[in-house]
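All chains should be modelled from the sequences, with the hints used to inform the complete structure.
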Amino acid sequence: MWELIQANRRKSIFILFGMGLLLLLIGYVFGSFYNPDSGGFIGLFIAVILWAVLSTISYFAGSKIILGISGAKEVTKEIHPQLFNVVEEMRIAANLPNQPKIYIISDSAPNAFATGIKPEKSAIAVTAGLLGQLNRDELQGVVAHEMSHILNRDVLLMTFAGMMLGAITLMADIFTRSLWYGGGSSRYKSKSSNKGGGQGQIIILVLAIALAILGPIMAQLLYFAISRKREYLADASAVRLTRYPEGLASALEKISSSHLDLKTANKVTAPMYIINPLKKKGMQMANLTSTHPPITERIRILRAINQGVDYSNYQAAFNQVKGTRSPLIPLSGLSEKLNLSVRTPDSSISENEELLNTKREVGDLMMKLNEYKFINCTCGLKLKIPPQFNSDKITCPKCGRIHTINL
Amino acid sequence: MLYFIIFIVIILLIGMFFVSIYNSLIGLRNRVKNAWSQIDVQLKRRHDLIPNLIETVKGYMTHERQIMENITKYRSQAMDANTVGEKAAAEGLLSGALGQLRVQVENYPDLKANQNFLALQEELTSTENKISFARQAYNDQVLFYNNKIQMFPSNIIAGMFSFKVEEFFEIENKNEKEVPKVSFN
Numbered sequence: 001m002w003e004l005i006q007a008n009r010r011k012s013i014f015i016l017f018g019m020g021l022l023l024l025l026i027g028y029v030f031g032s033f034y035n036p037d038s039g040g041f042i043g044l045f046i047a048v049i050l051w052a053v054l055s056t057i058s059y060f061a062g063s064k065i066i067l068g069i070s071g072a073k074e075v076t077k078e079i080h081p082q083l084f085n086v087v088e089e090m091r092i093a094a095n096l097p098n099q100p101k102i103y104i105i106s107d108s109a110p111n112a113f114a115t116g117i118k119p120e121k122s123a124i125a126v127t128a129g130l131l132g133q134l135n136r137d138e139l140q141g142v143v144a145h146e147m148s149h150i151l152n153r154d155v156l157l158m159t160f161a162g163m164m165l166g167a168i169t170l171m172a173d174i175f176t177r178s179l180w181y182g183g184g185s186s187r188y189k190s191k192s193s194n195k196g197g198g199q200g201q202i203i204i205l206v207l208a209i210a211l212a213i214l215g216p217i218m219a220q221l222l223y224f225a226i227s228r229k230r231e232y233l234a235d236a237s238a239v240r241l242t243r244y245p246e247g248l249a250s251a252l253e254k255i256s257s258s259h260l261d262l263k264t265a266n267k268v269t270a271p272m273y274i275i276n277p278l279k280k281k282g283m284q285m286a287n288l289t290s291t292h293p294p295i296t297e298r299i300r301i302l303r304a305i306n307q308g309v310d311y312s313n314y315q316a317a318f319n320q321v322k323g324t325r326s327p328l329i330p331l332s333g334l335s336e337k338l339n340l341s342v343r344t345p346d347s348s349i350s351e352n353e354e355l356l357n358t359k360r361e362v363g364d365l366m367m368k369l370n371e372y373k374f375i376n377c378t379c380g381l382k383l384k385i386p387p388q389f390n391s392d393k394i395t396c397p398k399c400g401r402i403h404t405i406n407l
Numbered sequence: 001m002l003y004f005i006i007f008i009v010i011i012l013l014i015g016m017f018f019v020s021i022y023n024s025l026i027g028l029r030n031r032v033k034n035a036w037s038q039i040d041v042q043l044k045r046r047h048d049l050i051p052n053l054i055e056t057v058k059g060y061m062t063h064e065r066q067i068m069e070n071i072t073k074y075r076s077q078a079m080d081a082n083t084v085g086e087k088a089a090a091e092g093l094l095s096g097a098l099g100q101l102r103v104q105v106e107n108y109p110d111l112k113a114n115q116n117f118l119a120l121q122e123e124l125t126s127t128e129n130k131i132s133f134a135r136q137a138y139n140d141q142v143l144f145y146n147n148k149i150q151m152f153p154s155n156i157i158a159g160m161f162s163f164k165v166e167e168f169f170e171i172e173n174k175n176e177k178e179v180p181k182v183s184f185n
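The listed protein sequences correspond, in order, to chains A and B.
Per my numbering, numbering through the first sequence is continuous, rising by one, with the last residue being 407.
Per my numbering, numbering through the second sequence is continuous, rising by one, with the last residue being 185.
Simulated crosslink set (EDC-like; lysine to aspartate or glutamate; CA at most 20 Å straight-line):
#1 A:Lys-382 x B:Asp-110
#2 B:Lys-33 x B:Glu-167
#3 A:Lys-77 x A:Asp-137
#4 A:Lys-77 x B:Asp-48
Just so you have them, the derived chain A footprint on chain B, three or more residues with Cβ under 8 Å:
#5 33–44
#6 112–126
#7 133–145
Far from chain B, some chain A residues (derived; all Cβ distances over 10 Å):
#8 Asp-37
#9 Ile-213
#10 Met-218
#11 Arg-228
None of these hints come from the bench; they were simulated from the model.
Note that the structure is predicted; figures quoted are calculated from it, not measured.
Glycine included, each C-beta is placed from N, C-alpha and C at the ideal position.
Below, the structure written as structure tokens:
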């Protein structure tokens, strides 16, 4: 796994380099469009500055911003001991030194994401709906998937790639707007004063317009391509960590069968979730513009794993389902043949019994997040006390016993 | 003079190469040690949970005295164990006894509904999981470390500074693999 991270890092740098070249090219061409003599380098300079500013902001405040947008709240172990235990189990399996912070989003749509540039400063956020619907093994699968994103440094890669995409889109946008609203008047001036450069000007104009249209699309395709590949890799690593592919497979099945939309997700944060939270946008199709691979395919791959849980087993299942031989996992990851076998599940509680409690559990969890207090009365009633409640004594409405609330 | 400089540069490069291999070996060895200590932490955690568990279960399970006595016995054996072999054996027996207890719990609906017991059971399940995941992580680390020690060119450095191949943590005790026996009497 260690070598795999390094192979990933090399690959990431390579892709970032490609996107960076595109950014520089756009900066140069747009610059020379406005001023053929020295504008190219000014444009180059502006492009780099723009990317640097965006990256710095997202590097230092990115996870705070994302956690803030999604409405996630940091929780303590008392609120959901099982989630804490499962995260710690996966942290141990991944041999990471620090426990990621744990956040819960009070939304009943099941979903999860991980954030954090460095493994030391990472966080995992899950929705209340996810906790209510999944059993222990499924939750473990989801947490393992998120832990793999942290372990594989996916967040760092996606942040820098995302900001590169942002810078390219922003520059193309500014360029087309200025062209539209007559900002290009300096072009005519320079053209009239410079007779010989007429033909060169036209070439640059065509190039600039082509880049303004194609640049953002190319960058976006590159970005989505990385995002999809990362999802597969995180699935493969999750299987490796839990030794139990069925857990993640049935979790994905449950999450995808939910028709609820996550209210706090938007286009920018969508690639970070375990499955695309914006379902209405036709996520069944595997096309170039989807951020996630189609769920059914991910499940089929996970279920096709029948012998072991190595990366090579995942790759074999991937090839079998996709019918291709495209390399998904770097060779260094495949060469470590460990003959790891599949584990048996923990969850003993029957599924039906669990489903009955699901709705109540989700409701309770959301109340706990909003600082409700709970008192179990001896008559069997559970009192749920809102934080606005002022008195320190409460009477049970069923049996009339008086309880004191310790604040 | 030129040849001399080239000679010095080559020597320096080789030196740097060796230092980097040495450092990565040290790093890997520390990761192995860290992974091992994780197993220890979780085993201790299990020992701490057991008195609580016995206390909660005692009132309900009047017929399973033998299992509870075994759990207590194996726990103290595991805590007193000095060598790795002894420890592994006692921990294996302890896992087996806890598994038996878990099977018996099914016969006590009152106990299954007890909130305190449910919380304890979650902690115990998680601790058992953590032990096996820690063992898994330890074995992964050992594999990388051993590969590094045995492969060229790092094997030269490993030989010079006597880095030794670490052993995998295998389950030696049969009890841990066997399904616990249930007796109805």
